[in-house]
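Chemist: Here's the letter readout for the chains.
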Amino acid sequence: MALQFDLTLPRRDFTLRAEGEFGRGITGIFGHSGAGKTSLFHMLCGLELPERGFIRLNGRILTDRERKIQVPVHKRRIGVVFQDKRLFPHMTVRENLLFGTKYLKERRVSLDDAVDLLELAPLLDSYPREISGGEEQRTAIGRALLTSPELLLLDEPFSGVDNSRRIALLPYLKRLRDGLDIPMLVISHDLPDIQKLTSTVYLMEKGRCIGHGDVFDLFDSRGETLSRSGIVNTFRVTETEETAPGHYLCAVAESPTARLRVPFPPERNGSLTLPPREVALARTRIENISIQNQFAGRIRKIIPLGNRLFCRIEGELPLTAEITPEAAEDLDLKEGSRVYCLFKAHALNG
Amino acid sequence: MNGADIFDTLGLSLKVGLLATLLNLPVALGVVYLLVNGRFRGKDLLEGFISLPLVMPPVTTGYVLLFILGKRGLVGSVLFSLFGIRIAFTTAAAVIASMTVSFPLIVRSIRLSMDMVDVRLERAAMTLGADRISVFFRVTLPLILPGILNGAVLGFARSMGEFGATMTFAGNIKGETRTIPLSVYSLLQIPGRENDAALLVVISLVVSFGAMFFSSRLSRKSHYRKERNDGPAI
Chain W
1 MALQFDLTLP RRDFTLRAEG EFGRGITGIF GHSGAGKTSL FHMLCGLELP ERGFIRLNGR
61 ILTDRERKIQ VPVHKRRIGV VFQDKRLFPH MTVRENLLFG TKYLKERRVS LDDAVDLLEL
121 APLLDSYPRE ISGGEEQRTA IGRALLTSPE LLLLDEPFSG VDNSRRIALL PYLKRLRDGL
181 DIPMLVISHD LPDIQKLTST VYLMEKGRCI GHGDVFDLFD SRGETLSRSG IVNTFRVTET
241 EETAPGHYLC AVAESPTARL RVPFPPERNG SLTLPPREVA LARTRIENIS IQNQFAGRIR
301 KIIPLGNRLF CRIEGELPLT AEITPEAAED LDLKEGSRVY CLFKAHALNG
Chain C
1001 MNGADIFDTL GLSLKVGLLA TLLNLPVALG VVYLLVNGRF RGKDLLEGFI SLPLVMPPVT
1061 TGYVLLFILG KRGLVGSVLF SLFGIRIAFT TAAAVIASMT VSFPLIVRSI RLSMDMVDVR
1121 LERAAMTLGA DRISVFFRVT LPLILPGILN GAVLGFARSM GEFGATMTFA GNIKGETRTI
1181 PLSVYSLLQI PGRENDAALL VVISLVVSFG AMFFSSRLSR KSHYRKERND GPAI
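Note that the protein sequences, when read in sequence, are chains W and C. Everything in the first sequence is counted per this note's numbering, starting at 1 for the first residue and increasing by one. Everything in the second sequence is counted per this note's numbering, starting at 1001 for the first residue and increasing by one.
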């Protein structure tokens, strides 16, 4: 594992105790504000000193309180994209991007690569105050990327960016995810945002890690938290075919056979999200219905949460459906029952 | 008073003012850095001590300087007996007097801009690989440049106008310590020389105003304050 840590930091209202192991790839650090996410980042990059514990990155010990090791911030090789971007106001975008390259022995990411990836070429000679919030965000990402970090931390990359722009930022983060072979941790208090990027989450609550792994694997034990946070089914689009003007048929990574009907063109390698409550279950295939998507499956597990039931369904298209206990009784749904999952094309979000 | 005299007086004033400012700047920067980032006992005391010349009558400042650096002063006597160095009543004394009175002004101006520097930017620089020294020179210093500039101009203007401490500590020696203000004072003592005095006053006004003008031009030019004007105002 590239990154390992076990950290303790007393805070005003609770003691932060977090441990974890992360390989390459992207992990969403999810928790409500005040759960200790940012403190965790600060300890990882060395801006805050834990009371106890250690941090190891690619075999290098960055912090070890027992052995009194604390590698200074500037020697950690951890790229940080702060929530408030923190571009240097007296430097152009180009100078901001190149800031950290001076301290590198070998550069693994070139300016051209970063500029291409994040589409920064038209901004290079502008000053931070002349560019938009989303562009600032991309510059901050590029600046961290150009230090050839061994770990990339992004703190709430979507916050402070309005809704249309957060969708605009997503493709860049996806390209980053697919192009980097280092661990990447993304803080967010918005679960669907994280899920659009990755299914691997690190759940934090009141300073503790309460789960780390695939978000739907965690659903069995942390269903309460996850459903309250608006967990969604996500499907990664691999191929799209336009069957009629405005009608699209999508193949998704989650299923070899299922084709989803979507009323808008999803972007390549984009993902579609589907809230569990938008999924209806039927015992038989229903003909003559306006609902466009219908997939056969079997209920693998039923998780009761309050007055709702979450059905984990395996089959043509694995997904989770939310139904009422009454509906389950009427249809006599049990674990193992064969069902059809129905959802409208418009229930899918890009 | 002929042209050469005027030029000499102006030259001496500029020399003393510029020297005092240039020597003060690095010291003031260091002191401000210490005051902002340092954690030590007696910080408040140091701050108060630095501001003293601001509230003391310049004549008393000159007296204190004489007490310390004069030929029979605490340090001055040692310097004189060991190295034969005499400070009081020389051009060096005029520079030191100017330095002393303008130092708090420079410190205050730099301090003000240093306090405004966002530490989060400095931390971001650290995560990008910059050590403390690098952060200071690449982030902090450029950001406080307007403050430094402003402090330098204020300090220079204060030095140009310095009278009391110079008179007491450096004396009123023609060609050595007689700067413009001392010259004006001396000329006013002599009946019929009011016009010469007025000329010097005008010159000193022009120099001070020029410095202020130059500084505001420069700080407006400092690039990160620049905003593009080619878009519609929103």
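Calculated from the structure, these hints are not laboratory results. Keep in mind that a hint or two might mislead.
Stated by the list, open to error - Residues from chain W that face chain C, not an exhaustive set, calculated with beta carbons under 7 Å:
#1 Val-80
#2 Lys-206
#3 Ile-210
As the list claims (entries may be wrong) - Residues from chain C that keep clear of chain W, each with C-beta distances beyond 10 Å, as calculated:
#4 Phe-1007
#5 Leu-1010
#6 Ser-1051
#7 Phe-1080
#8 Phe-1083
#9 Asp-1118
#10 Ser-1134
#11 Leu-1143
#12 Gly-1171
Each residue gets a CB set at the ideal place from its N, CA and C atoms; glycine is no exception.
Chemist: So which hints don't hold here, by number, going up?
Modeler: 2, 3, 9, 10, 11
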